[in-house]
Amino acid sequence: MSLKLTIPTALRRITGDADLVEVHPGTVQEIIAELDRSYTGFLSRVCEDDGKLRRFINIYVNGEDIRFLDNLSTRVPDEAEISIILAIAGG
Amino acid sequence: MSFVTGLKCRECGRTYPKQPLAGCEDCFAPLEVEYDYEAISRVLSHKAIASRPKSLWRYRELLPLDADPVVGLSSGATPLVRASRLGRALGLKDLYIKNDSVNSPTLSFKDRVTAVAVNKALEFKLDAVSCASTGNLANSVAANAAAAGLPAYIFIPDDLEQNKITATSVYGARVIAVKGNYDEVNRLCTELSERHPWGFVNVNLRPFYGEGSKTFGYEIAEHLGWRAPAAVVVPMAGGSLITKIHKGLKELEQLGLLKDEVRTKLFGAQAAGCNPIASAVKRGSPDIQPVKPSTIAKSLAIGNPADGYHAARLITGSGGWAEDVTDEEILAGISLLAQTEGIFTETAGGVTVAVTRKLVQQERIKADDLTVIAITGNGLKTSEALKIEQPISIEPKVSSFERAISGLAAKA
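Heads up: the protein sequence lines correspond to chains A and B, in order.
One point on numbering: in the working numbering, the residue at position 82 of the first sequence is 263, and numbering is uninterrupted.
One point on numbering: in the working numbering, the residue at position 30 of the second sequence is 110, and numbering is uninterrupted.
A portion of the hints provided could be inaccurate.
Said to hold, decoys possible - Calculated lysine-lysine pairs in the BS3-like style (CA-CA distance at most 25 Å, straight line):
| no. | chain 1 | residue 1 | chain 2 | residue 2 |
| --- | --- | --- | --- | --- |
| 1 | B | Lys446 | B | Lys339 |
| 2 | B | Lys438 | B | Lys372 |
| 3 | B | Lys372 | A | Lys233 |
| 4 | B | Lys98 | B | Lys330 |
| 5 | A | Lys185 | B | Lys259 |
| 6 | B | Lys259 | B | Lys98 |
| 7 | B | Lys327 | B | Lys339 |
| 8 | B | Lys477 | B | Lys438 |
| 9 | B | Lys327 | A | Lys233 |
What the hints assert, rightly or not - Taking CB as the label site, the calculated pair distances span:
| no. | chain 1 | residue 1 | chain 2 | residue 2 | range |
| --- | --- | --- | --- | --- | --- |
| 10 | B | Asp207 | A | Phe249 | 32 to 42 Å |
| 11 | B | Glu105 | A | His205 | 20 to 30 Å |
| 12 | A | Gly197 | B | Tyr117 | 36 to 46 Å |
| 13 | B | Ala257 | A | Ser225 | 54 to 64 Å |
| 14 | B | Ala412 | A | Glu245 | 30 to 40 Å |
| 15 | A | Glu245 | B | Tyr117 | 21 to 31 Å |
| 16 | A | Ser225 | B | Ser365 | 20 to 30 Å |
Said to hold, decoys possible - Residues of chain B placed beyond 10 Å of chain A at every Cβ, according to the derived structure:
| no. | residue |
| --- | --- |
| 17 | Gln99 |
| 18 | Gly103 |
| 19 | Lys134 |
| 20 | Lys205 |
| 21 | Ala212 |
| 22 | Gly319 |
| 23 | Leu337 |
| 24 | Gln419 |
| 25 | Lys438 |
| 26 | Leu460 |
Read the hints as simulated data drawn from the structure, not as lab findings.
None of these values were measured; they are calculated from a predicted model.
Glycine residues also receive a C-beta, built at the ideal position from the N, C-alpha and C atoms.
Can you build the whole structure from these sequences, using the hints too?
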C-alpha cells in the first residue's frame, strides 16, 4: 500500500534530489508528517509554524486543489496521485 | 546598459542573481527585479524620455534587459483617451481610457510583458518560449517568438474563443489545448517547466515578464504631464497588472519624475463568475480562496491567481476597492464603451467599464477624481460573446432604403 508524491525542484534539496517519493495512504497532514520523519525539515518547509500550508504552496490530490476538498484533512487513497506545486505562476 | 542588480524575494527578502527562476527557494514567494535606482536617476530624466521613440522602450532603464531589445520594438505608447462621453454616462468629470486594445503587435496589454520576456529568453539563450494562457498572452508570445525565430509552445484551456486560437496558430506556434480550466493548464505548465529547458514566460521568466506591465503606469503618468491619477480601474486575472501599475508609479515618484506624490487609489475589476481577489478585498483579508471560474470574461478566468494576495494587499493599502460584475453587466459595459467612445474592447474591458459604473454608484470613486480605466484587450478577439443584431437587408433601390430607414426611425 503506497502512493507516489511529486516533489517540486524547490523542495528536492530536502528529499536528496528525489522528484518522486513513496508515501502511505492517509490524510495530507499525515503524509506531510510521514515525509518529515523521512526527510528532516520537510514539515517546516511546506507549513507555517501554526501548521497551515504556506501561502505560496498548493497541494493537489488527483489533480484537484485540496482547498476545494478538505484542505490538510483531505484523505489520499491508495494509488492516488499527489503533487506539491508552487503557486506563483501564471496570469 | 542594465541597471538590474538581481532578484529579490517579495516576502523574505532573499536575493538571487539574474536567472530564469519562478520563485524564492526558501519561502516560495514571487520574486521582484531589483534595480540600482540611484544610477538610473542620474541618466533618466523627462528630457531623455521625451527624446526617444514612442514605444515602451523609452523607459528602458526601468526594464530588466541586459542588451538592446530585438523584438517588440513597437509595443506600448498606446493612446490615453479623454473619455468625456463615457464620463458623462458614468458620472465622472475627468475620465480617461488607457487603450491597450490597439497595442502592437497583438492588440492587448500582453504585448508589454512578452516584449520583455521574449527578449529575456533570447538573452538567456533558452531553446524555446512557452506559456499557459487564456488567449491574449498566447497571441503575443506566439507573435514575438516568431519575430525572434524561437519555437513557441502555447498551452490553452480547450474552451477558448476561436479567434484567440487562430491568432496564435497563424504564427506557427505549437498550440496545445488542455482539457481543463486555466488553473489546470497553469499547473501543468509549472510541472513542465521543471522538465523542459524553455522560457515559460509566466513561470520561470515571470519576475522579468511582469516588469513590462510597469510601462502601462509610466505611460499614464507621462500622458498626464507627469502626474499620477487619483484612481485607476484595472481588470484582474492573475492580479499582476494592478500591482505593476502601482510599482511603476512608485518608481517614477522615487526617481523624482512626478510632480506630486502618488496617492492613486487602486480599484480592481473582476467578473462575478471568477472573483477570488475581489472577494478577498471585500472580506478584508488578502488570503485568497480559489474559485472554479464560470464567466464569459475568459481572459480573466483565473480561479487561483498567483498575485492575488499581493494585489488584494495593495488595493486595500491604497484606499481603493475591488468589485465584480455579472455577464450581462459585462456585455453592457462593452456596448457602453463602444457607443460612447468608439472603442471596441473584449470581455475583460466590459468588466472594467461595468465595475467603474458600480464604484461610482457606491461613491468609492468621486465625480471629480481624475480616473483612468485600463482597457487591456481588443473586442475582435471575443466577438462571439456578443449578441449583435443582424444588419437590415434591402434591395439595391432607393425606395427600398427609404422604406427600411423609416421603419428603423419608427422603431427608435
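Here is how each hint holds up against the structure:
no.: 1; hint: B:Lys446 x B:Lys339; verdict: holds, 22 Å
no.: 2; hint: B:Lys438 x B:Lys372; verdict: holds, 24 Å
no.: 3; hint: B:Lys372 x A:Lys233; verdict: holds, 22 Å
no.: 4; hint: B:Lys98 x B:Lys330; verdict: holds, 23 Å
no.: 5; hint: A:Lys185 x B:Lys259; verdict: holds, 23 Å
no.: 6; hint: B:Lys259 x B:Lys98; verdict: violated, 35 Å
no.: 7; hint: B:Lys327 x B:Lys339; verdict: holds, 17 Å
no.: 8; hint: B:Lys477 x B:Lys438; verdict: violated, 47 Å
no.: 9; hint: B:Lys327 x A:Lys233; verdict: violated, 30 Å
no.: 10; hint: B:Asp207 x A:Phe249: 32 to 42 Å; verdict: holds, 35 Å
no.: 11; hint: B:Glu105 x A:His205: 20 to 30 Å; verdict: holds, 28 Å
no.: 12; hint: A:Gly197 x B:Tyr117: 36 to 46 Å; verdict: holds, 41 Å
no.: 13; hint: B:Ala257 x A:Ser225: 54 to 64 Å; verdict: violated, 40 Å
no.: 14; hint: B:Ala412 x A:Glu245: 30 to 40 Å; verdict: holds, 35 Å
no.: 15; hint: A:Glu245 x B:Tyr117: 21 to 31 Å; verdict: violated, 44 Å
no.: 16; hint: A:Ser225 x B:Ser365: 20 to 30 Å; verdict: holds, 24 Å
no.: 17; hint: Gln99; verdict: holds, 13 Å
no.: 18; hint: Gly103; verdict: violated, 4 Å
no.: 19; hint: Lys134; verdict: holds, 27 Å
no.: 20; hint: Lys205; verdict: holds, 20 Å
no.: 21; hint: Ala212; verdict: violated, 6 Å
no.: 22; hint: Gly319; verdict: violated, 7 Å
no.: 23; hint: Leu337; verdict: holds, 28 Å
no.: 24; hint: Gln419; verdict: holds, 30 Å
no.: 25; hint: Lys438; verdict: holds, 23 Å
no.: 26; hint: Leu460; verdict: holds, 23 Å
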